[in-house]
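Enquirer: Sequence:
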Amino acid sequence: MSLSTTLLLLGSATISFTFPLHPAPRAAIPSFPAGTSWDILLTTTDSGTDSIAAVPEENFQVIDIDLFDTSKEAIAEFKATGKRVICYFSAGTREAWRSDAKKFKSGDTGNSVSGGPNGDWPDELWVDVTSANVKAVMEARIELAKEKGCDAVDPDNVDGFDNDTSFSHAKSAYTSYIRFLSETAHSANIAIGLKNAVDMIPDVIDAVDFAVNEQCHEYSECAKYKPFTAQNKAIFNIEYGGNACKKAAVNGVKMSTLVKSEDQNLDALGGACQSSGSPTVVQPVTPTPAAPTPVTPTPVSSTAPQQPAASSPPPADEGENGEETGEGNEEEEEEEEEDVPSPTPSTRPAPTRRPFRWNWWGHRHPSN
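Position one of the sequence shown corresponds to residue 776 (my numbering), numbered consecutively onward.
One or more of the hints may lead you astray.
[What the hints assert, rightly or not] List of simulated lysine-lysine pairs, BS3-like, C-alpha gap at most 30 angstroms:
(1) 946 <-> 847
(2) 923 <-> 847
(3) 880 <-> 854
(4) 1021 <-> 910
(5) 854 <-> 946
(6) 999 <-> 946
In case anyone wonders, no lab produced these hints; they're calculated from the structure.
Model the full structure from these sequences, guided by the hints.
Expert: Here it is, written out as structure tokens:
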């Protein structure tokens, strides 16, 4: 339906305008259901370039790539093979090497980010998430994501309230910031994820479309993602080394887990777990008891006293906690590990927890 309006002008000329009563519906925001397969590639080193070329041939549904370092043509090629593309950028820091770094004003930046070779990253500074100028920079980045054809964005470093940024903003300021990013992305028909920031999940679960997590298995934080599974939203999980693929499923959480190199350089594809979690607890297989061996009675002499037949000894327990007999291991059954081989076995010890969890910046700095 439309509404026509006619303007009468001097003389005999008239001009008619037709206005639609209902605007054309906006395109649907892409969805990322729980259990969606994925991979991530955030560098463009020689090996990374080779991997970029291989993306269209790989068998996963979603690829997470760097917004600035990946061309519009490459993104179009990924999408032509049916993949959805998530574009990564840092929403909470100013990275000196980015093409738009000069758009930040001096008052927008705070302390350098912890975790570098000398204790921090001098080329990466926290930003003031309440700054109107910072928000304008992020709006431009999301617009760039739209222009390049990204289906979603992966804004990193949104939990500055838990770090020494030099700004004294409470968690509520970061909640408001995530909601601002969400509204901006959704207005561009782009989905948005929550990167780490597990303590913010209850505050923003309704505003985000999926999660990207690092090391929740290592730090025993995966259970906090139950709200995502309850709403059928994907949880894209990365673990660095170790045997995450053999970890027990977390009750109520369905994850899509990748095990990447312990050096935390996300510069190569691969590492997907065959089974990376289930919304229900993995139940152990109950063994079938062996059939009893028949005992042949020994003939008894009429003059010898009859001896009682020797009874069969009870079966030996298979484990200290009665895994086979089922005695006293109700709690352990919920912790049962899935016997799935790790795609990246490693004999090195698991990485120690860093004072600040930025896991893929090091490779981007020339000092590394």
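Enquirer: Please go over all the hints and tell whether each is borne out by the structure.
Expert: We went through each hint and held it up to the structure:
1. 946 <-> 847: It is violated: about 35 angstroms lies between the C-alpha atoms, which goes past 30 angstroms.
2. 923 <-> 847: 5 angstroms, holds
3. 880 <-> 854: 36 angstroms, violated
4. 1021 <-> 910: Since the Cα atoms of residue 1021 and residue 910 sit roughly 41 angstroms apart, the hinted pair is violated (cutoff 30 angstroms).
5. 854 <-> 946: 36 angstroms, violated
6. 999 <-> 946: The hint holds at about 17 angstroms.
The structure does not agree with the numbered hints 1, 3, 4 and 5 stated previously, though it agrees with the rest.
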